[in-house]
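Student: Here are the chains, one letter per residue:
2 protein chains.
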Amino acid sequence: MTQRQLHLNLFVYPGGHHEAGWRYHGSDPDRVVDISYYQELARKAEAAKFDALFFADGPALADNIRYASRFRLEPLTTITALAAVTQRIGLIATASTTYSEPYNLARLFASVDHISNGRVGWNIVTTGAAQAAQNFGLDAHPDHGDRYGRAHEFLEVVTKLWDSWQDDALVIDPQTGIFADDDKIHEINHVGAHFRVRGPLNLSRSPQGRPVYVQAGSSEDGRHFAALHAEAIFTAHQNLRNAQDFYADIKARLRGIGRNPDHLKVLPGISPYIGSTTAEAEALHDEFNDLTQPAYSLGVLRRMTGLELSGHDLDGPFPRHLIAPDPDRAEASRFKLVLDIVDREKPTIRQLLHRIAGARGHWVTVGTPEKIADDIQTWFENGAADGFNVMPPWLHGGFDAFVDHVLPILRKRGLFRHDYQGQTLRDHFGLPRPDSLYATETKRSA
Amino acid sequence: MTQRQLHLNLFVYPGGHHEAGWRYHGSDPDRVVDISYYQELARKAEAAKFDALFFADGPALADNIRYASRFRLEPLTTITALAAVTQRIGLIATASTTYSEPYNLARLFASVDHISNGRVGWNIVTTGAAQAAQNFGLDAHPDHGDRYGRAHEFLEVVTKLWDSWQDDALVIDPQTGIFADDDKIHEINHVGAHFRVRGPLNLSRSPQGRPVYVQAGSSEDGRHFAALHAEAIFTAHQNLRNAQDFYADIKARLRGIGRNPDHLKVLPGISPYIGSTTAEAEALHDEFNDLTQPAYSLGVLRRMTGLELSGHDLDGPFPRHLIAPDPDRAEASRFKLVLDIVDREKPTIRQLLHRIAGARGHWVTVGTPEKIADDIQTWFENGAADGFNVMPPWLHGGFDAFVDHVLPILRKRGLFRHDYQGQTLRDHFGLPRPDSLYATETKRSA
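Heads up: the protein sequence lines correspond to chains A and B, in order.
At position 39 of the first sequence (counting the first as 1) the number is 39 in UniProt numbering, and the numbers step up by one without a gap.
At position 140 of the second sequence (counting the first as 1) the number is 140 in UniProt numbering, and the numbers step up by one without a gap.
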């Protein structure tokens, strides 16, 4: 029996994940909208046999573009351009159920799944940034519960659309003149609280049947959604204990509803600072923190907590008492994460800003390649992770260091593949290819 | 002074433009969802120095997929995958103003314009197919006037979004820590009858500033829209006289509102059947017509005219008297085109079906390479066209024949480029790169 294998995604953030990554001397910020910059990175990640590349998204401009590389090419077009220059690596794009139409989004993902020969994943988000609403004619961002209500129905609609052509609907017989068997192409006739969609999709079923369903929310609504629908979950934890609690909870939810817990991969973020000695790694981490700009970091903290600390002494203690109970925030996973750091570590304001600067609250680990590999193995073998979303502090160098120094150790320990075993992202993640809902109906009635 | 040059687009229709093109022995219908089939075609068209590839679209499945290749990969993802394997050729994708959100569409096009280094055009349509409404929660397709009302405002919004970053907004100075000059990134604060959009776009201004605005409607609303906004117009005419009337009308409209008439290129469709002799070309054309299936063609005619003729003798005269005056149809360009053929040619039903089968009402020309080149030159030099959308009856062979046999004649006559002179689609079409609306404001107030 082969050893259980790690899954590794490269989470691509234009200027790197550290908020000052774009300022680091090894980075290449002039190329943030140059597709060849991402194509080179995709080829590297494929050569390293990573499961997938992962792209975040939100349909509004971040309000702190002055100090950081906080914008990007649109993810679906980006992954399409990457699909064209790679053969095996998976490609995961984030898209919002709150600010898209299901018919349009279903087409885009099905098309990229065809173009990539079955390598696409959809990171399903409801969009946290309230300013998005104003780009779509709404007075206010729908609240958390409403967004998830729409998300559940959105997923039902796009799933039906992806299934609306049975896999064998295309006949293409020039002799008889029959191009498609229209008995195997189904209207979905969906009528719900948020959507009425007739279908069928105007595209044949894609190589994976459906893109891989990825999810990234860790609130109660998010966990419930993930347990029902997700096949991979991207999550943020600062320590093993919290990650274990989350892992156990989400896997138990799957068992509870009769889903195979192996069919949802839990992938925490990890942002590694790698040095040939511990001192060298810590010096690297310090170098990044020295490049942070409080005017930027205080804004990030304000969005996470509601606290305006620009007048305060940055080297004084973090004013925990100023955080007011706020039911709107209580469910937000980033808010909980900040509180957790504050309560455990009692940082100064500046220390907290540095903790957040690393990877917006994700796990930052600093050390030698062996130390990073140990961290990964510990989480992987102790019920905290099925793999990781690797978040390099800067690009491409932060990724190169991981591939050159950490990956060989993981391979030597038998934890990570030497080559791809399959063609599709479902193959890489060990997920089944779903039958069409309508194929099942046909079989049942036959 | 250099001679005025033809513009040539390749209009890519998955199985070829003849409705039975997919059945022709030289075609390759099994590859209609295989991106490499289009990538090979794009490379050929680029080697031939064509201005652009053109992709049609509609957000609903055609209801006659049983007999013909009437579906496609989604166009924006398709052109992105083509951008990744070409360097110079333009890429025009159709997208609907009726069934998209301006913020989402603006992002997608801006992103592909970045990815392609400035080679993108948007074919702006309001969507003619009524069944699309039912994929988007509407009881009925908005009427022609309402669709154009939304289209005008849609264009205003996306134009503002594309202009919302001035060209020099990105600073990217690692020393000072300034990534972008946010004084040069503008909220658009659009409030109109159909849309409220705050902006700015979450992507820097693209290489062309805005994609090339292409338009394809020839109704009164369509012409008015084209005169105001379009930079290229794709149009269907069966004969020189009609094409001249249209050309004169549209250029006069531009002059009337103070636009330079050279800044809108009129590009009729042309579907050529090429043989080394006239008899060979006619035999080729007959071969295609013999492959048509009345069950399919009668459906096309029904959608164009409202007439159900499946019980009729196909070799009897076309029953002109059955066409009832219908104000909803009176403005539809395809309807007028059918009436025009009927009134001029007095065809049998089968003859009319063959005329429509060729290229859904576009100009079909049959003959030797010299004859096709003469046709093109005649239209080009007699006020009927600035170039053409070439619509091969089948792929790839129908395009190869044009490139191998007609293009050399056009080049020998000095009518078509031997190489690209510029990098962007605007360069190929001879169109100016627009300044940002907001840059002009800054200059004015300075």
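Hints are supplied without guarantee of correctness; some may be wrong.
The list treats identical chains as interchangeable, and a pair is accepted whether it falls inside one copy or across any two copies.
To be verified - In silico SDA-like links for lysine to any residue, alpha-carbon gap of 25 Å or less: (1) 184 / 66; (2) 49 / 418; (3) 251 / 408; (4) 184 / 294; (5) 346 / 25; (6) 184 / 137; (7) 44 / 306; (8) 44 / 5; (9) 371 / 345; (10) 346 / 370; (11) 346 / 224; (12) 184 / 34; (13) 184 / 238; (14) 44 / 117; (15) 49 / 85; (16) 44 / 87.
Simulated from the structure, these hints should not be mistaken for lab results.
Student: Compare the structure with each hint and give your call.
Tutor: How the hints compare with the structure:
Taking CA atoms no more than 25 Å apart as the test, residue 184 paired with residue 66 passes between copies only; the shortest distance there is 11 Å, against 53 Å inside one copy. When the C-alpha separation of residue 49 and residue 418 is checked against a cutoff of 25 Å, the pair qualifies only within one copy, where the shortest distance is 7 Å, while the shortest distance between copies is 43 Å. Within a single copy, residue 251 and residue 408 get their C-alpha atoms no closer than 30 Å, and across copies no closer than 66 Å, so neither meets the 25 Å cut-off. For the homomeric pair residue 184 and residue 294, the shortest alpha-carbon distance between copies (22 Å) is at most 25 Å, but the shortest distance inside one copy (59 Å) is not.
Taking identical chains as interchangeable, the C-alpha atoms of residue 346 and residue 25 are never at most 25 Å apart, the minima being 32 Å within one chain and 75 Å between chains. In this assembly of identical chains, the alpha carbons of residue 184 and residue 137 lie at most 25 Å apart only when taken from different copies (24 Å versus 38 Å within one copy). For a Cα distance limit of 25 Å, the shortest separation of residue 44 from residue 306 qualifies neither inside one copy, at 40 Å, nor across copies, at 57 Å. In this assembly of identical chains, the alpha carbons of residue 44 and residue 5 lie at most 25 Å apart only when taken from the same copy (20 Å versus 44 Å across copies).
Taking CA atoms no more than 25 Å apart as the test, residue 371 paired with residue 345 passes inside one copy only; the shortest distance there is 22 Å, against 83 Å between copies. Taking the closest pair of Cα atoms, residue 346 and residue 370 never come within 25 Å of each other, the shortest separation being 29 Å inside a single copy and 84 Å across copies. In this assembly of identical chains, the alpha carbons of residue 346 and residue 224 never lie at most 25 Å apart, being 32 Å within a copy and 66 Å across copies at closest. In the homo-oligomer, the alpha carbons of residue 184 and residue 34 lie at most 25 Å apart only across protomers (21 Å), although the nearest pairing inside one protomer, at 42 Å, exceeds that limit.
For a Cα distance limit of 25 Å, the shortest separation of residue 184 from residue 238 qualifies neither inside one copy, at 49 Å, nor across copies, at 38 Å. Proximity of residue 44 and residue 117 under a CA criterion of 25 Å is satisfied in both settings, with 19 Å inside one chain copy and 23 Å between copies. Proximity of residue 49 to residue 85 under the C-alpha cut-off of 25 Å is found in both arrangements, the shortest distances being 15 Å within a copy and 23 Å between copies. In this homomeric assembly, residue 44 and residue 87 come within 25 Å of each other (Cα to Cα) both inside a single copy, at 12 Å, and across copies, at 22 Å.
Hint violations for this structure: numbers 3, 5, 7, 10, 11, 13, all remaining hints satisfied.
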